[in-house]
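2 protein chains.
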Amino acid sequence: MKKSFFAVGLAMTLATGAAMAQVKPEILVKQRQAVMTLQGKYFGPLGAMAQGKAPYNAQIVQRNAGFLDNLSRMPWDGFDPSTKGEKSHALPAVFNDDAKFKEAASRLQNETAKLYQVSRGGDEAAVKAQIGAVGKACGGYHENFRQKQ
Amino acid sequence: MKKSFFAVGLAMTLATGAAMAQVKPEILVKQRQAVMTLQGKYFGPLGAMAQGKAPYNAQIVQRNAGFLDNLSRMPWDGFDPSTKGEKSHALPAVFNDDAKFKEAASRLQNETAKLYQVSRGGDEAAVKAQIGAVGKACGGYHENFRQKQ
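The listed protein sequences correspond, in order, to chains S and H.
Start counting at 1 in the first sequence, then tack on 257, and there's your number in my numbering.
Start counting at 1 in the second sequence, then tack on 257, and there's your number in my numbering.
Mixed in with the good hints there might be a few duds.
All copies of an identical chain are treated as equivalent in the list; a pair is satisfied when it fits inside any one copy or across any two copies.
Said to hold, decoys possible - Derived DSS-like pairs (lysine-lysine); straight-line CA-CA distance at most 27 Å:
(1) K310 to K359
(2) K287 to K357
(3) K405 to K310
(4) K341 to K385
(5) K341 to K405
(6) K310 to K357
(7) K287 to K310
(8) K310 to K344
(9) K371 to K281
(10) K310 to K281
Since the hints were derived computationally from the structure, they do not count as laboratory data.
From a predicted model like this one, the values you see are computed outputs, not experimental measurements.
Just need the whole structure built from these sequences, with the hints factored in.
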């Protein structure tokens with residue numbers, strides 16, 4: 258099922274193509290940035306738990322992992338070519354290196370889906386390892402596609 | 258199960274209370290506004306379908322309903338008393354009429370959870386009716402807790 262979520266996401270993007278074309282570029286940017294804001298909200302506490310900076314709370318991990326699983330499927334249609342000229346932190350590679358961008362997007366979705374699954378089990382060490390894998394996928398994505406902050 | 262999601266949300270809010278206290282008020286506002294941005298993104302097309310302004314697409318309805326079910330559980334901890342003085346569209350009633358606010362929040366979550374369930378069935382008329390119910394819950398919430406736009 259490696260690419261299933263992304264494949265579905267792509268099919269959706271194609272299916273909603275006509276509708277998307279009507280959404281203003283600045284709105285698309287606002288929407289995709291909203292996703293990142295919420296990814297930060299729900300990943301932050303997990304990162305802190307994985308690093309031992311906050312006490313481990315399995316209930317919060319499960320909830321946040323479910324939210325993150327959904328959020329990881331939301332931003333991609335916001336990177337429409339119409340947004341190229343909009344002010345944002347997106348690097349040109351987002352639009353110029355489609356294959357690599359889709360690979361990074363797919364990786365984030367797969368790692369997040371896996372975190373959701375692992376969080377349903379009771380293996381704290383496995384959950385923490387998978388939180389690390391999601392963090393790495395975020396980092397790899399930012400490294401290649403987002404301006405340094 | 259009428260209040261189950263909200264009850265869980267409340268328990269989470271209490272559990273994360275210590276962590277929340279460290280999040281700056283302006284970040285809390287940004288996070289809750291991000292949720293509304295995405296609720297608009299994913300509810301908009303459903304509203305159009307329910308009103309016959311866009312062709313009905315069961316696959317998109319299911320996806321969006323799943324996203325909305327998650328999103329409807331995200332904003333509430335952002336309405337922390339520390340955000341009272343922040344610039345936003347929130348009316349004082351958010352902080353002054355806690356029981357009514359929680360009731361409206363709970364209603365939105367319940368109607369959205371129901372939409373998610375109904376969207377899994379094949380009854381287009383029932384789905385459209387439930388999209389209307391979610392829209393009404395949004396509207397009721399805005400009427401009482403958000404400044405007129």
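Hint by hint, here is what the structure shows:
no.: 1; hint: K310 to K359; result: neither (33 Å within a copy, 32 Å between copies)
no.: 2; hint: K287 to K357; result: within (23 Å within a copy, 30 Å between copies)
no.: 3; hint: K405 to K310; result: within (25 Å within a copy, 42 Å between copies)
no.: 4; hint: K341 to K385; result: neither (36 Å within a copy, 35 Å between copies)
no.: 5; hint: K341 to K405; result: within (18 Å within a copy, 33 Å between copies)
no.: 6; hint: K310 to K357; result: neither (33 Å within a copy, 37 Å between copies)
no.: 7; hint: K287 to K310; result: between (31 Å within a copy, 24 Å between copies)
no.: 8; hint: K310 to K344; result: neither (35 Å within a copy, 32 Å between copies)
no.: 9; hint: K371 to K281; result: neither (34 Å within a copy, 31 Å between copies)
no.: 10; hint: K310 to K281; result: between (41 Å within a copy, 19 Å between copies)
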